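Participant: With chain A's structure known, arrange chain B on it following the hints.
In order, the protein sequence lines correspond to chains A and B.
Following the working numbering, the numbering of the first sequence begins with 1 at its first residue and continues without gaps.
Following the working numbering, the numbering of the second sequence begins with 174 at its first residue and continues without gaps.
Heads up, some of the hints might be wrong.
Partial list, derived from the structure: chain B residues whose beta carbon lies under 10 Å from chain A [to be verified]:
id, residue
1, 211
2, 289
3, 363
Just so you know, these hints were derived from the structure itself, not from any lab.
Being a predicted model, the structure only gives us computed values, none of them experimental.
Where is the CB? At the ideal position from N, CA and C, for every residue including glycine.
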Amino acid sequence: MKKLITGAILTFFLAAPALADDIQYDLKLEGITCPFCVATSERALRKIEGVKMVSGDLETGIIRVCADESVKFSDEQLTKIFLKKGFTYKGMEIHENCDGFDSTTVLSEEELARRTAMHDKMGHDDDLDFLGIHDHDGDGTPDHAAEDHVDHDHDGDGIPDHGADYDDDHNVS
Amino acid sequence: MNWSDPKWNIALLSLIFWIIPGNSWAVPITFNTALPVSQGEIIFREQIIIGKASDDVGGLDRKMTALTVNSVMAYGVTPDLAIFGILPLTFKKLKSPAGVRETDGIGDGRLVARYTLYKKNAVGKTTRIAPFIGLKVPTGDNQRTDGLGLLPPNLQPGTGSWDVFGGVIATYASVDWNLDFQASYRVNTRDGGTERGDVARADVSFQYRLLPRTLSRYDKGFFYGVMEANLVHSGKLQTGGIGDSNSGGTTLYLVPGIQYATRRWVAEAAVQIPVIQDLNGSALEKDFTVLAGFRVNF
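This is chain A alone, in the form it adopts within the complex:
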């Protein structure tokens, strides 16, 4: 039962912020022919508040943007953004979720900061430490479930991690 509750909490904290009410925009561009063209377009889009992830496909000329529902792209806005880059915006397709993204997708600065803050909070905030949620390898998944730590003794002091001596936890030499 404890595992079930912990799993539900983990699912809520890790999955919900990235998926709930997210919208995927497939922006069609003309004139992009190189990795830089994609990169400069991605940089411009990642500056927009609410944009979480951006991914470009050079061959199709499509830039995918995952944004929360607060973002409302307009053709006029996108035309202006890409005109500055020297490219031609030709339109967009809107999808209800961000299924077009994978783990290699570049996060927006805002989203990266948000997730980093969340990581810190989830992983090192004393108030939440009891959950045992950590993502030290940065792969977006927790390293261990909370109860796993009960059996760990990284610091070799004979006391399970996250026990009374939690200040020494993760002090693995």
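Facilitator: Positioned in the frame of chain A, the structure of chain B alone reads:
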């Protein structure tokens, strides 16, 4: 010995003056491209050019080495207008039976404005035509001396003259290959009693993506093979209104090179080989020029 032989000077300056930057696309190495500099973005380029000339048809056994480091800053004023500033640092050395003469220092800077007059974008390709105009500023010293007196013009870091140049660049760029063409003309003005001949030039560059052969969304950089050709015609040096019969001429270069372009930077290297040198009089003919450098987008 004809220390004032301007051939080398003209050939070297021709090369230096026209090497202006492009973008993080695959772009020409020895001349500019019509591809855009995004509005508000800065490109920094650093390029080392090492030239050697020892084929002395005049039998004077001269050997000249020139090293130039070009620092270039490009800025996108608007999507169509880009400005470029170029400042060279030069080292020149001339060996002959009479001894060794050498100099180093800041060369003549250049300011260039390029405007995209025509562009047609399509999925995975773009075609552009961009005229440009530039001004060469005499920031380099042209009165250097050594133990033998005033150095000849071809060894001075600068020319002392304000010169204007202009031309047009046409570029077709696609995901797989790019083709650039440039035609240009430089009007060299008088400095004191000396006036270098004008320079007319035609360039072509072909860049072909060698790796990766098949595109994927995970590609971080492209490796290109580059082949360029430069046709350069220089007029005769005028001294006191009289043309120097040992100056000016026409040279055709072939320039094989390589380029690696990523999302943020480009590294490149090439060798400029003179395949035809139809120079006037007893000019010192070039052996080769090596070019290497990088560009970074900010």
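Participant: Under 10 Å is the threshold here; is the Cβ of residue 363(B) close enough to any Cβ of chain A for the hint to stand?
Facilitator: violated (40 Å)
Participant: Does residue 289(B) pass the interface hint, meaning its C-beta sits closer than 10 Å to a C-beta of chain A?
Facilitator: holds (8 Å)
Participant: Classify the hint on residue 211(B) as holds or violated, based on whether any CB of chain A lies nearer than 10 Å to its CB.
Facilitator: holds (5 Å)
When each numbered hint is compared with the structure, a violation occurs for hint 3 only.
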